[in-house]
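Number of protein chains: 2
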Amino acid sequence: MTEFIEVPKGLDRVIVADTEIGDVRGEEGFYHYRQYSAVDLAEHCSFEQVWYLMTHAELPTRAQLAAFKDRVAPHRKLTAQLRELLPHLAVSENGPVAPLDGLRTALSAACAARPMRPVLDIDEDARAEDALFACAVTPAILTGLWRLSQGQEPLDPRDDLGYAANYLYMITGEVPTEAAASAIEHYLILTVDHGFNASTFTARVIASTGADVGAALVGAIGALSGPLHGGAPARALDALDAIGGPDNIDAWIRGELEAGRRIMGFGHNVYKTEDPRSNHLREVATAIGGDIVDFSKTVERRVVEILAEVKPGRKLYTNVEFYAGVVMELSGVPRPMFTPTFTTSRVVGWSANILEQARDSKIIRPRARYTGTPPPQPLPEGGFTA
Amino acid sequence: MTEFIEVPKGLDRVIVADTEIGDVRGEEGFYHYRQYSAVDLAEHCSFEQVWYLMTHAELPTRAQLAAFKDRVAPHRKLTAQLRELLPHLAVSENGPVAPLDGLRTALSAACAARPMRPVLDIDEDARAEDALFACAVTPAILTGLWRLSQGQEPLDPRDDLGYAANYLYMITGEVPTEAAASAIEHYLILTVDHGFNASTFTARVIASTGADVGAALVGAIGALSGPLHGGAPARALDALDAIGGPDNIDAWIRGELEAGRRIMGFGHNVYKTEDPRSNHLREVATAIGGDIVDFSKTVERRVVEILAEVKPGRKLYTNVEFYAGVVMELSGVPRPMFTPTFTTSRVVGWSANILEQARDSKIIRPRARYTGTPPPQPLPEGGFTA
Numbered sequence: 004m005t006e007f008i009e010v011p012k013g014l015d016r017v018i019v020a021d022t023e024i025g026d027v028r029g030e031e032g033f034y035h036y037r038q039y040s041a042v043d044l045a046e047h048c049s050f051e052q053v054w055y056l057m058t059h060a061e062l063p064t065r066a067q068l069a070a071f072k073d074r075v076a077p078h079r080k081l082t083a084q085l086r087e088l089l090p091h092l093a094v095s096e097n098g099p100v101a102p103l104d105g106l107r108t109a110l111s112a113a114c115a116a117r118p119m120r121p122v123l124d125i126d127e128d129a130r131a132e133d134a135l136f137a138c139a140v141t142p143a144i145l146t147g148l149w150r151l152s153q154g155q156e157p158l159d160p161r162d163d164l165g166y167a168a169n170y171l172y173m174i175t176g177e178v179p180t181e182a183a184a185s186a187i188e189h190y191l192i193l194t195v196d197h198g199f200n201a202s203t204f205t206a207r208v209i210a211s212t213g214a215d216v217g218a219a220l221v222g223a224i225g226a227l228s229g230p231l232h233g234g235a236p237a238r239a240l241d242a243l244d245a246i247g248g249p250d251n252i253d254a255w256i257r258g259e260l261e262a263g264r265r266i267m268g269f270g271h272n273v274y275k276t277e278d279p280r281s282n283h284l285r286e287v288a289t290a291i292g293g294d295i296v297d298f299s300k301t302v303e304r305r306v307v308e309i310l311a312e313v314k315p316g317r318k319l320y321t322n323v324e325f326y327a328g329v330v331m332e333l334s335g336v337p338r339p340m341f342t343p344t345f346t347t348s349r350v351v352g353w354s355a356n357i358l359e360q361a362r363d364s365k366i367i368r369p370r371a372r373y374t375g376t377p378p379p380q381p382l383p384e385g386g387f388t389a
Numbered sequence: 004m005t006e007f008i009e010v011p012k013g014l015d016r017v018i019v020a021d022t023e024i025g026d027v028r029g030e031e032g033f034y035h036y037r038q039y040s041a042v043d044l045a046e047h048c049s050f051e052q053v054w055y056l057m058t059h060a061e062l063p064t065r066a067q068l069a070a071f072k073d074r075v076a077p078h079r080k081l082t083a084q085l086r087e088l089l090p091h092l093a094v095s096e097n098g099p100v101a102p103l104d105g106l107r108t109a110l111s112a113a114c115a116a117r118p119m120r121p122v123l124d125i126d127e128d129a130r131a132e133d134a135l136f137a138c139a140v141t142p143a144i145l146t147g148l149w150r151l152s153q154g155q156e157p158l159d160p161r162d163d164l165g166y167a168a169n170y171l172y173m174i175t176g177e178v179p180t181e182a183a184a185s186a187i188e189h190y191l192i193l194t195v196d197h198g199f200n201a202s203t204f205t206a207r208v209i210a211s212t213g214a215d216v217g218a219a220l221v222g223a224i225g226a227l228s229g230p231l232h233g234g235a236p237a238r239a240l241d242a243l244d245a246i247g248g249p250d251n252i253d254a255w256i257r258g259e260l261e262a263g264r265r266i267m268g269f270g271h272n273v274y275k276t277e278d279p280r281s282n283h284l285r286e287v288a289t290a291i292g293g294d295i296v297d298f299s300k301t302v303e304r305r306v307v308e309i310l311a312e313v314k315p316g317r318k319l320y321t322n323v324e325f326y327a328g329v330v331m332e333l334s335g336v337p338r339p340m341f342t343p344t345f346t347t348s349r350v351v352g353w354s355a356n357i358l359e360q361a362r363d364s365k366i367i368r369p370r371a372r373y374t375g376t377p378p379p380q381p382l383p384e385g386g387f388t389a
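The listed protein sequences correspond, in order, to chains U and R. Per my numbering, the first sequence runs over residues 4 to 389. Per my numbering, the second sequence runs over residues 4 to 389.
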């Protein structure tokens, strides 16, 4: 008989793969891409440098970065097919379609049209080209869907703008301030990858079947859309709105706790310390400044203090959602685009994971334990329950 | 420090979940849906009875089946949105799009337009309705894409035809023979589910994030498109074509083995006996009869004999691909639709698994072991390699 292996539920702490892409050290409040601190990278690099690092396993030279940008450039605008499709995907007869769902469909179509071939059937360079295409076109798809849902035409990126500035421009049609572009570039770099989360794992399971890069990315987008995973930076902002002002902070927090609701933007199942992404985004928000920043810092302080009082011994800190929401709001990202914005960076992390998984030929195929009525039971007459 | 748990590569033999949906007993050559032998179900039930069994955990009464068919009926044809979209998805500027890739896109769009809400946010009935919609519309999407790629218009299903007969009718525009419809109905029932394979697992990982049913199904379609998973019944037929006739069987087999190639349609990583699906499909093919059936049985016999001679001690049998290809060819399914046909049944198995997973609130989130250069390394000046 085959011997089965018991592990904790949800594969908690189960090592599924070796990786050279990065890791999260929850106890230390530290995470990294390749051998570099992710926060260091956010402070000193452009998004494209980090993108290159993720998929090439080393930082580029200046010449390599220029060549990389030249490879990316032609794919940053909508293909002719996407221009035709997007109006059908942005709005349905039931109203505007969630941008993340629209991205799932549009990216699926664009990858299928290329067409992408199974990773098992192509070499590393061809896989990397497929991944580069998908990552490059994602901001154009998301911003195009957003504008169409608002009755506006999609915009092409501008050659004179950096990665995050272009993203904001393609949403709003206006060139953002340097502060806003820089804040979003920091956010995007900080969210490229984060260990073996559920969407990254989904991408790797799909890639392990030998399927194409697009199939794996489309699956990962689906996983990210789950409330237990992708989260919702917009919820933290909605909470700030619900509080309304400094006088209502304590009453609101105690009301939420008494009602047994989670305070959005607080707590993380890996970090046992402050979330390094949250720390850095707090700094980014502070550098921009304004009433909302002061208010959110006060809310943060009171939530932590009241939680310490109500649930002593259980330390809870802000997670990436809280200040991500603040930074995106300050930078002019519309709230329905908060989680989709996260996807424009995470698609790079997924891609690095898919390319790494594709070098391995072992399919990821676990088992389940059957716990139902023992088979075979005799079929009732005609296969009908009486 | 967090303690990690080491398991075999690819999660081989690792129990990820308890299930009451079914199981595969590889040593016995037996598999089941709920408490019934899958082969018994194929012999005695209609596809809709098995579909009901999978998602309701029991066989229907006659009245329940009639009510179920009434719920399914309105979703069996293309929605207005899909009628608009499909022509853009069936063919791209680079030629016809693989039907499975087109299904991935179209089903994503249809689920997003409904819209489907996260499984975490809705009750069991609402989830079941979403799953029913997706399963019901899948044959219309696939056959519509196929006909459009052939320059023909999609067809609506006919009320007077059974499940498999309609599927064949929607491909060819002709009412199939009873023998062909019955053969495909058997095939569809036999392929509804098969343990915790990679696409089923993908669907469950995505559902474990709380994402909607559509997100999970779209991810599963991607996994099924992988050469290591979905397989390709068409390849077995291509091999029969390559052999050409009885006189060339031995020479062809020995040639393939000498060239180090796998004989398509033989061997399975779970079954250590004859594949029960293969056995049953051989009977189904034999009942239809014809030169191709005699020829394939001769090829099967010689492959098994020559493999026993060349690789003594290593027993290899036909897997589901071999006679699935023969049955589909006999029934008039075009070869590019072989694997997509598999999807029209497997979507029911995925759905049952998604509904089961959705009752559990634990996210599936394993870990990876970082094996790269230890971080944090100092960033080079400006984040550029010299």
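Just to be clear, a hint being listed does not mean it is correct.
Which copy is meant is left open, because identical chains are indistinguishable; a pair holds if it fits in one copy or across any two.
As the list claims (entries may be wrong) - Straight-line Cα separation of at most 25 Å, SDA-like style, residue types lysine to any residue; simulated pairs:
#, residue 1, residue 2
1, 314, 304
2, 72, 295
3, 365, 197
4, 365, 18
5, 80, 259
6, 365, 10
7, 365, 8
Hints were generated in silico from the structure; no laboratory data involved.
To see whether the hints hold, each was checked on the structure:
1. When the C-alpha separation of residue 314 and residue 304 is checked against a cutoff of 25 Å, the pair qualifies only within one copy, where the shortest distance is 15 Å, while the shortest distance between copies is 70 Å.
2. Taking CA atoms no more than 25 Å apart as the test, residue 72 paired with residue 295 passes in neither setting, with 36 Å inside one copy and 55 Å between copies.
3. With identical chains, the CA atoms of residue 365 and residue 197 are at most 25 Å apart both within one copy (23 Å) and between copies (19 Å).
4. Taking CA atoms no more than 25 Å apart as the test, residue 365 paired with residue 18 passes in both settings, with 15 Å inside one copy and 17 Å between copies.
5. Proximity of residue 80 and residue 259 under a CA criterion of 25 Å is satisfied in neither setting, with 44 Å inside one chain copy and 46 Å between copies.
6. Taking the shortest alpha-carbon separations for residue 365 and residue 10, both the intra-copy value of 20 Å and the inter-copy value of 14 Å come in at or below 25 Å.
7. In the homo-oligomer, the alpha carbons of residue 365 and residue 8 lie at most 25 Å apart both inside one protomer (18 Å) and across protomers (19 Å), since each shortest distance falls under that limit.
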